[in-house]
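Q: Residues 1 to 293 in our numbering are what the sequence shown lists, from first letter to last.
By construction, these hints were calculated from the structure, which means they are not laboratory data.
Take the hints with a grain of salt, since some may be wrong.
BS3-like, lysine-lysine: derived pairs with alpha carbons at most 27 Å apart [said to hold, decoys possible]:
#	residue 1	residue 2
1	Lys260	Lys236
2	Lys144	Lys98
3	Lys144	Lys236
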Amino acid sequence: MTTMALATAGPPVGTARALRGPVGSLEAYVEAVARIPVLSKDEEVRLATRFREQADLEAARELVISHLRFVVHIARGYAGYGLPIGDLVQEGNVGLMKAVKRFDPAIGVRLVSFAVHWIRAEIHEYVLRNWRLVKVATTKAQRKLFFNLRKAKKSLAWLSADETLAVARDLGVTPAEVSQMEQRLAARDIAFDPAPDLDAEDSSYSPAAYLPAPDADPAVAVERAQWEEASGARLKHALATLDPRSRTIVERRWLVDEGKATLQELAAEYAVSAERIRQIESSALKKLKAAMA
Numbered sequence: 001m002t003t004m005a006l007a008t009a010g011p012p013v014g015t016a017r018a019l020r021g022p023v024g025s026l027e028a029y030v031e032a033v034a035r036i037p038v039l040s041k042d043e044e045v046r047l048a049t050r051f052r053e054q055a056d057l058e059a060a061r062e063l064v065i066s067h068l069r070f071v072v073h074i075a076r077g078y079a080g081y082g083l084p085i086g087d088l089v090q091e092g093n094v095g096l097m098k099a100v101k102r103f104d105p106a107i108g109v110r111l112v113s114f115a116v117h118w119i120r121a122e123i124h125e126y127v128l129r130n131w132r133l134v135k136v137a138t139t140k141a142q143r144k145l146f147f148n149l150r151k152a153k154k155s156l157a158w159l160s161a162d163e164t165l166a167v168a169r170d171l172g173v174t175p176a177e178v179s180q181m182e183q184r185l186a187a188r189d190i191a192f193d194p195a196p197d198l199d200a201e202d203s204s205y206s207p208a209a210y211l212p213a214p215d216a217d218p219a220v221a222v223e224r225a226q227w228e229e230a231s232g233a234r235l236k237h238a239l240a241t242l243d244p245r246s247r248t249i250v251e252r253r254w255l256v257d258e259g260k261a262t263l264q265e266l267a268a269e270y271a272v273s274a275e276r277i278r279q280i281e282s283s284a285l286k287k288l289k290a291a292m293a
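Can you make the complete structure from the sequences, with help from the hints?
A: And the structure:
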């Protein structure tokens, strides 16, 4: 039998009346499950045996529903992670159904003792997936630290060296792993792009502000500087090959930032026509191009 089958089957006759009542809030759900009677050990064994030997879906439903109150109790212990209690309860219920599916009454333990592991495992997975946008714990040691470090810290201050060693010793991890998880817990999610309503100072902390500019590569900057220096040297050498008049015309027409001379101004200065100045300029540019090739 699958977990989905457990979740979709109708409520057992013995507990259907206890689940009736107001709906639409977590309080109503908690109140409803609190009214469901707790099974005795003999009833639990009988139902678990029916489900295990006969695949009796109604017996499995009875086992699940009679233990929903314990899921609520466990889920409330994770309220400090800032996640909706209703979602934590829902994930815990999934763990409870998995526990019922694997429970063997012949072991001699109560279902609630067996199911605690499965309930907590599902809640742990949900917390790790949703506590932050970036997953903070992936290895076994990190998972252990995530759920125990907050309890081990006696204040909001950073752990001292002695406290770090004590936590590492108690949890069976290295001091470096303790320090790394402490930093992860203290960090917060930041949007990649700054929000439009943030001022310049706040937006400077977004990850996008730390991306390098396209021209920030030192190798590219050095290459560009060397190319400009070499080009300038070749241009200077090429200009030296021109006669004084041609060099002056090119410089005043192309190599000044402001106040570039017009053809008419140069023609009046050299007492020639504007067309003659244009011919001298064209010839000089061809010589420069050939010299710099």
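Q: Against this structure, judge whether each hint is valid.
A: Against the structure, the hints:
no., hint, verdict
1, Lys260 with Lys236, "holds (19 Å)"
2, Lys144 with Lys98, "holds (22 Å)"
3, Lys144 with Lys236, "violated (70 Å)"
Taken one by one, the earlier hints fail for this structure only at number 3.
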